[in-house]
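Take the given structure of chain A and dock chain B to it, following the hints.
Protein chains: 2
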Amino acid sequence: MPETLLTSRTTLGRHPERGAHERETINQILDEGFVCHVGFVSDGQPYVIPTGYARVGDELYIHGSAASRMLRNLEKGIEMCVTVTLLDGLVMARAAFSHSMNYRSVLVLGTASLVEDAEEKMAALRAITEHIVPGRWAETRWPTPQELKATSVLKLPLAEASAKIRTGGPKDKEEDLTFPVWAGVLPFSLVPGKPVEHEASAVHEVPEYVARYSRNAGK
Amino acid sequence: MPETLLTSRTTLGRHPERGAHERETINQILDEGFVCHVGFVSDGQPYVIPTGYARVGDELYIHGSAASRMLRNLEKGIEMCVTVTLLDGLVMARAAFSHSMNYRSVLVLGTASLVEDAEEKMAALRAITEHIVPGRWAETRWPTPQELKATSVLKLPLAEASAKIRTGGPKDKEEDLTFPVWAGVLPFSLVPGKPVEHEASAVHEVPEYVARYSRNAGK
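Chain order of the listed sequences is A and B. Heads up, the first sequence is in my numbering, so the first residue is 1 and it goes up one at a time. Heads up, the second sequence is in my numbering, so the first residue is 1 and it goes up one at a time.
Only chain A is shown next, with the shape it has when bound in the complex:
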């Protein structure tokens, strides 16, 4: 049986057929995405903030300015939720009621801890850079001790998580199938455009990892 990350809090009440709790499914979605939405509570108010991330084994790393409200809150070890959503398409049914979207999303619950070890912190920043632009880290000017100090890195264990996936065409009721309207799916993907070189770039040849950027090269 595959390892699951199921708890009562990550069980789907609605559409249980869309749920998945296997680590492999969760990891695939986390590895294809690179923007997550982080939820936390401050003074009773929930906030949802987009940020980059990387998965390393069974940990999720996020980072930010040591001065940011989000990082200062989360490093206290408060409850958080990290959600990653990949939009795959718009599902057009006959009934307005049956319209939907195809997507793959992961929700991770838990509390984060501040990465204090300098070596682990550098490795996490490398992982985040490499997760977002594979091949980039080796070419960049690496963080100085001062820059490391100005950056907070948090890790959240991938211990309580669920994936939710919808694929395929519209699911109308039988009696709606003959309704005279086009029905189907309009697929969507996040597509890189033409790289825009910075005016002062010291190198003019676009690196392969930029020119051929793809989120699902391994597929």
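Since the hints were made in silico from the structure, they are not lab data. Do not rely on the hints blindly, as some may be mistaken.
Same chains, same label: a pair holds when it works inside one copy or across any pair of copies.
[Said to hold, decoys possible] With a straight-line Cα cutoff of 16 angstroms, these simulated EDC-like cross-link-like pairs (lysine to aspartate or glutamate) come out: (1) K155 x E79; (2) K171 x E199; (3) K173 x E147.
Same frame as chain A, now just chain B:
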């Protein structure tokens, strides 16, 4: 002076130059996007759930199954946060530390109320359908009283909100500019693919609003 939606809770501590509170800027971002991430707290645990939405004037509408945990929680009028994020590009600087993303995001804070009036509920469902696929509502089989009952619609006033926007190239320190690495931006956009007709579609001609789908047609 343009109307602003600024409060102490939506003031940016970090990168204030990226902040905007004018209703027009906020509306533009909300109108280009169609997936939001909704944050709320249940039993002390924050949750972040992706869903569709539409803006109508100064209200944001979301909907879902009347049986869903999210809707059942939010209709009580608890504090929530709705965040919409449009990813515009990856910013590659010379310093790993200066890497960033170009994005436009909106964060809305407040409490939602359940839409109980049948006419407003139908209008909200129409608005959500039309926001996600302009032109679709008129062609679909409209909700029955039973379907309306099975759907909850919530409205959140756009009263306390902020936008955060990053555009342009990398912002390295002066002394890093000559570092020998390509620097620039890889733009991103959410692009529709080829429509996939449902096997049982009663109509085979792809409608114009599907074939020419664009999130920023008005630009």
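Hints, one by one, checked against the model:
Proximity of K155 to E79 under the C-alpha cut-off of 16 angstroms is restricted to the intra-copy arrangement: shortest distance 13 angstroms within a copy versus 27 angstroms between copies. Proximity of K171 to E199 under the C-alpha cut-off of 16 angstroms is restricted to the inter-copy arrangement: shortest distance 11 angstroms between copies versus 51 angstroms within a copy. Taking the shortest alpha-carbon separations for K173 and E147, only the inter-copy value of 12 angstroms comes in at or below 16 angstroms, while the best intra-copy value is 58 angstroms.
Of the numbered hints listed earlier, not one is contradicted by the structure.
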